[in-house]
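Could you build all of it, start to finish, from the sequences and the hints given here?
Protein chains in written order, with full-length UniProt numbering: chain U, 1 to 316; chain B, 1 to 316.
Because the hints were derived from the structure by calculation, they are not lab data. There may be inaccurate statements among the hints.
Some, not all, of what chain U presents toward chain B, calculated at C-beta under 7 Å [stated by the list, open to error]: (1) ASP132; (2) LEU144; (3) GLY255.
One side of the interface only, derived from the structure: several residues of chain B facing chain U at Cβ under 8 Å [stated by the list, open to error]: (4) VAL13; (5) SER14; (6) GLN142.
We put the CB at the ideal spot given by N, CA and C, even for glycine.
There are 2 protein chains.
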Amino acid sequence: MGPDLDELADAAVSFVAGGKRLRPQFCFAGWLVAGGRADDPAIVPAAAALEWLQGSALVHDDLMDGSDTRRGRPSVHREFEARHRDGRREGDSAGFGESVAVLLGDLMLSWCDEMFRASALPTVPAALAFLDLCKTEVVAGQFLDVVGQTRATLSVAEAMRVVRFKSAKYTVERPLHMGAALAGAGDGLIASLSDVALPLGEAFQLRDDVLGVFGDPAVTGKPAGDDLREGKRTVLVARTHELTDDAGRALLAEGLGTADAVAALTDLIRTSGAWDAVEADIARLEAEADAAIDRIGGTAPEVLGPLALIATRRSR
Amino acid sequence: MGPDLDELADAAVSFVAGGKRLRPQFCFAGWLVAGGRADDPAIVPAAAALEWLQGSALVHDDLMDGSDTRRGRPSVHREFEARHRDGRREGDSAGFGESVAVLLGDLMLSWCDEMFRASALPTVPAALAFLDLCKTEVVAGQFLDVVGQTRATLSVAEAMRVVRFKSAKYTVERPLHMGAALAGAGDGLIASLSDVALPLGEAFQLRDDVLGVFGDPAVTGKPAGDDLREGKRTVLVARTHELTDDAGRALLAEGLGTADAVAALTDLIRTSGAWDAVEADIARLEAEADAAIDRIGGTAPEVLGPLALIATRRSR
Chain U
1 MGPDLDELAD
11 AAVSFVAGGK
21 RLRPQFCFAG
31 WLVAGGRADD
41 PAIVPAAAAL
51 EWLQGSALVH
61 DDLMDGSDTR
71 RGRPSVHREF
81 EARHRDGRRE
91 GDSAGFGESV
101 AVLLGDLMLS
111 WCDEMFRASA
121 LPTVPAALAF
131 LDLCKTEVVA
141 GQFLDVVGQT
151 RATLSVAEAM
161 RVVRFKSAKY
171 TVERPLHMGA
181 ALAGAGDGLI
191 ASLSDVALPL
201 GEAFQLRDDV
211 LGVFGDPAVT
221 GKPAGDDLRE
231 GKRTVLVART
241 HELTDDAGRA
251 LLAEGLGTAD
261 AVAALTDLIR
271 TSGAWDAVEA
281 DIARLEAEAD
291 AAIDRIGGTA
301 PEVLGPLALI
311 ATRRSR
Chain B
1 MGPDLDELAD
11 AAVSFVAGGK
21 RLRPQFCFAG
31 WLVAGGRADD
41 PAIVPAAAAL
51 EWLQGSALVH
61 DDLMDGSDTR
71 RGRPSVHREF
81 EARHRDGRRE
91 GDSAGFGESV
101 AVLLGDLMLS
111 WCDEMFRASA
121 LPTVPAALAF
131 LDLCKTEVVA
141 GQFLDVVGQT
151 RATLSVAEAM
161 RVVRFKSAKY
171 TVERPLHMGA
181 ALAGAGDGLI
191 ASLSDVALPL
201 GEAFQLRDDV
211 LGVFGDPAVT
221 GKPAGDDLRE
231 GKRTVLVART
241 HELTDDAGRA
251 LLAEGLGTAD
261 AVAALTDLIR
271 TSGAWDAVEA
281 DIARLEAEAD
291 AAIDRIGGTA
301 PEVLGPLALI
311 ATRRSR
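Set out below in structure tokens:
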């Protein structure tokens with residue numbers, strides 16, 4: 001379609017070159033647990049396609065959150081804003097960056113479907129039903145999140161609901177389902193995989209919350225306390241609100257979403273006992289997931305056990 | 001998924017309740033020309049699915065252009081900005097509106113694929129290949145457009161290239177191809193439909209350019225001269241740049257994208273002969289499309305003739 005479009009295609013390809021590739025890994029794990037062969041190339045396009053979905057979600061997320069960085073590099077809208085400014089082009093640099101981010105996210109979202117269907121397996125239609133659910137659920141979760149951010153406070157229960165849609169189903173449950181469905185899994189195994197995925201996915205997101213406050217910027221690629229500066233109403237913040245006293249709640253109300261209060265809020269999350277409480281939740285959810293893995297039996301412990309550890313004990 | 005999500009789903013449904021439904025009409029026309037039965041319900045989901053794609057493109061387009069209105073109502077980002085402000089919610093109202101618009105566009109884009117595949121025809125995989133092309137091409141066209149807007153001037157040839165991807169292929173060619181492929185069309189008919197679609201689609205977009213400057217706001221649902229106020233570098237503007245004198249070019253350079261110069265620019269487009277030139281282009285493209293329709297023969301004149309008129313002689 002011409003060299004003018006290289007800039008867009010290159011940005012798409014380089015964006016998905018990084019990342020943890022958790023969703024493809026869970027898709028592949030579902031495939032293996034349901035009896036798919038590890039060396040069958042047909043699973044590769046479907047599993048890899050989920051990185052386009054994740055790329056789309058991240059590019060649009062960074063735009064909505066106004067995040068400056070992603071994986072230690074400028075976010076897409078910031079990168080194209082800089083190219084516009086440095087190239088002394090006509091018009092508004094920030095607007096140009098935002099437009100490119102909207103379009104790049106749309107492109108990646110379209111490519112997810114296209115690549116997923118390239119897995120030439122007779123089971124693709126059954127697996128696509130889970131991809132469809134996944135795509136609707138992740139937007140629904142993000143919408144609940146965006147609406148939740150407009151409330152003065154968010155209860156732990158409400159924050160956990162966002163986590164369920166935005167992370168647990170999207171990152172773990174549906175990718176497992178897609179892989180399993182591609183290998184021809186029946187309803188029983190699909191349900192058993194949900195029993196693993198939901199606690200595991202919730203633990204995954206709680207770990208993300210913790211890393212968003214206490215993570216090492218050199219490892220996470222995000223500035224320390226970024227979630228607090230952006231004012232995200234995470235489960236960790238909701239738990240702090242629940243456990244702290246009136247002075248703590250006043251600090252939360254005033255400091256969340258500002259750059260100045262990051263250190264004080266980090267301290268509050270620790271001293272209120274919220275960090276410990278969330279770590280206890282993670283441990284409990286991990287144990288639930290482990291028990292569900294054991295109930296599936298077969299290759300499940302070998303396949304899903306290591307992935308569960310990566311999801312919940314990671315440092316980035 | 002709970003009542004909190006009704007607001008998002010309702011916005012999606014009410015958005016696609018309006019509109020000209022040109023893409024479904026072209027998809028249905030392709031189906032008929034290729035021998036599909038008019039009363040076969042299997043074509044309906046695929047044709048209707050294209051309204052989700054169009055809804056997604058419009059919601060994201062309005063966001064990128066900062067448009068306040070769509071079809072005489074507030075654009076989605078403005079509507080949700082107002083709801084946030086009127087509901088006295090926490091945080092930035094404009095940011096909330098923008099986030100909802102990003103998410104709603106993503107949701108509609110996902111629903112396009114899902115609904116298209118609900119047409120339970122054995123030809124769906126062949127038709128999906130054209131949907132995939134369509135989705136990539138429309139983003140590519142929008143990217144070329146966004147990049148084109150950052151140049152001091154855009155030649156008629158460059159502006160026509162944007163039109164080809166963003167409008168001719170997206171609005172006419174690929175919908176015709178999808179419908180024809182669903183009815184089992186071979187490569188010959190697909191190529192013949194391109195011969196109709198590209199001139200017709202270009203004429204369609206040129207009509208849009210003219211309506212964006214000279215259209216009746218009561219009929220178009222957009223304020224008069226909106227394209228000029230937004231500074232769009234359309235073919236009509238490129239043609240004016242080409243035909244006018246130095247004084248006219250100075251007026252274009254200074255006035256395009258401002259509210260004050262709308263009347264003067266409207267006048268310039270008329271007096272420079274650009275409007276006449278574009279009307280002549282539309283007539284020539286219409287004649288090309290008509291000749292291509294006649295070459296297909298069969299039911300093509302009856303099916304495509306009226307649609308060609310709607311696309312190029314409309315007033316909204």
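Each hint tested on the structure:
1. ASP132: holds (4 Å)
2. LEU144: holds (6 Å)
3. GLY255: violated (14 Å)
4. VAL13: Violated - the Cβ of VAL13 (chain B) stays beyond 8 Å from chain U, reaching only about 14 Å at its closest.
5. SER14: violated (16 Å)
6. GLN142: holds (6 Å)
Hints 3, 4 and 5 from the earlier list are contradicted by this structure; the remaining hints agree with it.
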